[in-house]
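Asker: Residue strings, one per chain:
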Amino acid sequence: MSTNGGEGLRVLGDPTRRAIFELLARHPCAVGELAQQLPITRSAVSQHLRVLKDGGLVVSQAQGTRRIYRLNPDGVTALRAYLDRVWAEALTAFGKAAQAAPSDPEQEDP
Amino acid sequence: MSSVPTIPPLTGTITVDAPIDQAFHTFTDSFGSWWPAEYHIGQADMGTAMLEPREGGRWYEQGVDGSECDWGRVLAWEPPHRLVVTWQINGQWQYDPDPAHASEIEVRFSADGPDQTTVTLEHRHLERLVDGQALRDGITGGGGWTSLLELFAKAATNQP
Chain A
-17 MSTNGGEGLR VLGDPTRRAI FELLARHPCA VGELAQQLPI TRSAVSQHLR
33 VLKDGGLVVS QAQGTRRIYR LNPDGVTALR AYLDRVWAEA LTAFGKAAQA
83 APSDPEQEDP
Chain B
21 MSSVPTIPPL TGTITVDAPI DQAFHTFTDS FGSWWPAEYH IGQADMGTAM
71 LEPREGGRWY EQGVDGSECD WGRVLAWEPP HRLVVTWQIN GQWQYDPDPA
121 HASEIEVRFS ADGPDQTTVT LEHRHLERLV DGQALRDGIT GGGGWTSLLE
171 LFAKAATNQP
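For the record, the sequence lines run as chains A and B. Quick note: the first sequence uses the numbering used here, first residue -17, plus one each step. Quick note: the second sequence uses the numbering used here, first residue 21, plus one each step.
Simulated from the structure, these hints should not be mistaken for lab results. Any given hint could turn out to be false.
List of simulated lysine to aspartate or glutamate pairs, EDC-like, C-alpha gap at most 16 Å [claimed, not checked]:
#1 A/Lys35 x A/Glu4
#2 A/Lys78 x B/Asp37
#3 A/Lys78 x B/Asp135
#4 A/Lys35 x A/Asp(-4)
Everything numeric in this text was worked out from a predicted model, so none of it was measured.
In isolation and in its complexed conformation, chain B is listed as follows (with noise of 0.2 Å):
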């Protein structure tokens, strides 16, 4: 029974008006170009974003210093229909190599058709994250997930 994830999974979808392939290969070829570099974990500013395409590639962040910042490992690599990556990043926004304490994303692409396509995406196994650091510094007291929700309730009033 405890394998039974203990924190409901997130899930997210969007529709776009592109080929399954080029989906596909926007989320994960270009994915530097759209995530949003406000979330980030490096000390210096995020220059871009990198998912190494295979699987056991790394998941990473480059800074505009050079610097780099593991969020995770490829699961699995299964073009065009499949991507699952590990997020291992704990409440302290900081990576954690435990692999005890990585929580888990499945992006499934459909094709509705030749030029549109379904992206799903699945954050699961949340619990190995509460499990860690963030157990005791976000939940606990204040900082941690608490600070992350003021900073990005700042950030989201702040856009237009």
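Here chain A stands alone, though its shape is the one from the complex (with noise of 0.2 Å):
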């Protein structure tokens, strides 16, 4: 179960990655709004988006003179999905189990 194949894709293991990912998990944003918010460089700032972007985490889209990047709908929209359904579908199953069982089991009859 441990990663075999060498170095994993670590893509989130750096922090400024996490801290651009942070960001665009809030909302849509073009390189030079991201540079903004932290201590780097545009340029900086480009080339983690770039690994971000081969790591399948996060998209880009041309607007006009810019390109605005966000996550990608299909990796962590997927992965939230599919939990919240596991979620749903479990606590209506608990729902159901915790009102079936008895109130108090010192009055059960045998």
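Assembly of the complex is requested from the two constituent chains, each provided in isolation within its own frame, with the hints serving as guidance.
Answerer: Structure representation (structure tokens):
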């Protein structure tokens, strides 16, 4: 179960990339907007974005003269949507079980 | 700033007609009786799933053949109000023992009255899962979460 194949693609292992990912999770941004919020240059931001993009975590789209980056909806959204359904179903099943359980064991008739 | 979760947590709430103690103990002691058996990671069909009632306890499934597969660990055990467990299942639907890849599930129980309890669930630090095998296998190319979603969709449509 350990990761095989040498170094894994630890895209989010880098704190700056995590910070960029977090900013993009709040709302889509252009490179300049990201650079304003981080203590690094535009070209450094671009390099991190390329890694995030190559890792499939981020996608970009041209908007006029700007390129807007956002989280890849097929990756993160898929993860959340799946787990969301798991929990919705699990909580419903739990609710039924909790209400079916005897309310007070001491008053239970054999 | 990097301590803030980078993927918004999942939340769920349900109100049950049961006293708080009963709600907590159904959730924990009887975990295997209500958990949907199709969500499991072992090779064998799931026989039951268990949550050991203490901090540091194991959260695991037991297959019909007796084999066991870990899901996570109990981080906080505060009956009947609060429970925190880790969910260390990667995109390959396997247990990932690396604590850096552990997402967390917090479950809170609050009494609305003597016979009614609201249960609130939060599944957080999902980016830790993404940082694991799921990143490579689920997000960059097919498989992983994507195929699980398809399996889930099939399972959901087959239900009455």
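Asker: Look at each hint and say if it fits the structure.
Answerer: Structure-based check of each hint:
Between lysine 35 of chain A and glutamate 4 of chain A the alpha-carbon distance is near 14 Å, which keeps this suggested pair within the 16 Å criterion. Distance hint between lysine 78 of chain A and aspartate 37 of chain B is fulfilled; the C-alpha atoms sit about 9 Å from each other, no more than 16 Å. For the hint linking lysine 78 of chain A to aspartate 135 of chain B, the alpha-carbon distance of about 14 Å falls within 16 Å, and the restraint holds. For the hint linking lysine 35 of chain A to aspartate -4 of chain A, the alpha-carbon distance of about 14 Å falls within 16 Å, and the restraint holds.
Against the hints set out earlier in the document, no violation occurs for any number.
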